[in-house]
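S.K.: Here is what each chain is made of, one letter per residue.
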Amino acid sequence: MLVLTRKKGQSIKIGDDIIITIIDSKGEGVRIGIDAPKDLAVFRSELVETVKGENREAASVNIEVLKSFLRE
Amino acid sequence: MKIMTDFFGEVDLDEEAIISFENGILAFEEFKEYILIDLPENPKFKWLQAVHNKNLGFLVTTPFYFFPSYEFDLKEKVKQDLAIKTEEDVAVFTIVTLGQDVAKMTTNLLGPIVINVNTKKALQIVLDDVRYSTKELVFRVNPDAENEDSVKEACK
Chain C
1 MLVLTRKKGQ SIKIGDDIII TIIDSKGEGV RIGIDAPKDL AVFRSELVET VKGENREAAS
61 VNIEVLKSFL RE
Chain R
1 MKIMTDFFGE VDLDEEAIIS FENGILAFEE FKEYILIDLP ENPKFKWLQA VHNKNLGFLV
61 TTPFYFFPSY EFDLKEKVKQ DLAIKTEEDV AVFTIVTLGQ DVAKMTTNLL GPIVINVNTK
121 KALQIVLDDV RYSTKELVFR VNPDAENEDS VKEACK
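The listed protein sequences derive, respectively, from chains C and R.
Letter 19 of the first sequence, counting from 1, is numbered 19 in the numbering used here, and no numbers are missing.
Letter 84 of the second sequence, counting from 1, is numbered 84 in the numbering used here, and no numbers are missing.
Next up, chain C with everything else stripped away, as it sits in the complex (with noise of 0.2 Å):
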């Protein structure tokens, strides 16, 4: 990996059109403002583990409550 050192208020330009800026840091915090092209995904990577989490969760329903709920 890649580890550069940054002050508040410099950025990181990877490739042409995407710009990472550190906007400010308090204690553990950072903030980062991030331009990019529009149709390109860009979220917290632990989000990605939640939505896992809850397909597991989704995906182990219990039979008995599903038949009653699919009777009602």
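Source of the hints: derived by calculation from the structure; they are not laboratory data.
No experiment lies behind these values; they were computed from the predicted model shown.
We put the CB at the ideal spot given by N, CA and C, even for glycine.
Check each hint, because a few of them may be wrong.
Once the Cα atoms are required to be at most 27 Å apart in a straight line, the calculated DSSO-like pairs of lysine-lysine come out as [stated by the list, open to error]:
| hint | chain 1 | residue 1 | chain 2 | residue 2 |
| --- | --- | --- | --- | --- |
| 1 | C | 7 | R | 120 |
| 2 | C | 67 | R | 2 |
| 3 | R | 2 | C | 38 |
Now the stretches of chain C that chain R is said to cover, found in silico as 3 or more residues with beta-carbon under 8 Å [as the list claims (entries may be wrong)]:
| hint | stretch |
| --- | --- |
| 4 | 30 to 41 |
| 5 | 44 to 50 |
| 6 | 64 to 71 |
Got chain C sorted already, so can you dock chain R onto it with the hints?
M.R.: Showing chain R alone in chain C's frame:
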């Protein structure tokens, strides 16, 4: 083509109805083909059944019934991947997590399923939108949701 399912027993399906998730559903990436089974008693819901795994299926809903203001932008990449040309191509479903208590069932508004109803290509996408979570109460707006009859009514 006949497949076995846990919840519906043997299902005879039209191969043209098979929906392909090129990337699978998150956490279940190995299964790419699903069918949508209607639930006549619960028309706001459908059952998304994996074709090649009788144990794997998801209760899904059309989120706009319960969350009329639900919205997100379809990224150009998603439109390309699913060959979406017009709005009429698109159907959106969200997965329902059915706990022990039906009145408290939740749906995942953060990871909607987008289907091109014409090409039958589909994707589960992940939104980064603070308005939505993976556990939105389906009956949150109904003050009588604790009342079993009103839940039954709301499912119709």
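S.K.: Run the structure past the numbered hints and jot down the numbers of the failing ones, going up.
M.R.: Going through the list in order, the structure violates hints 1 and 3 and respects the others.
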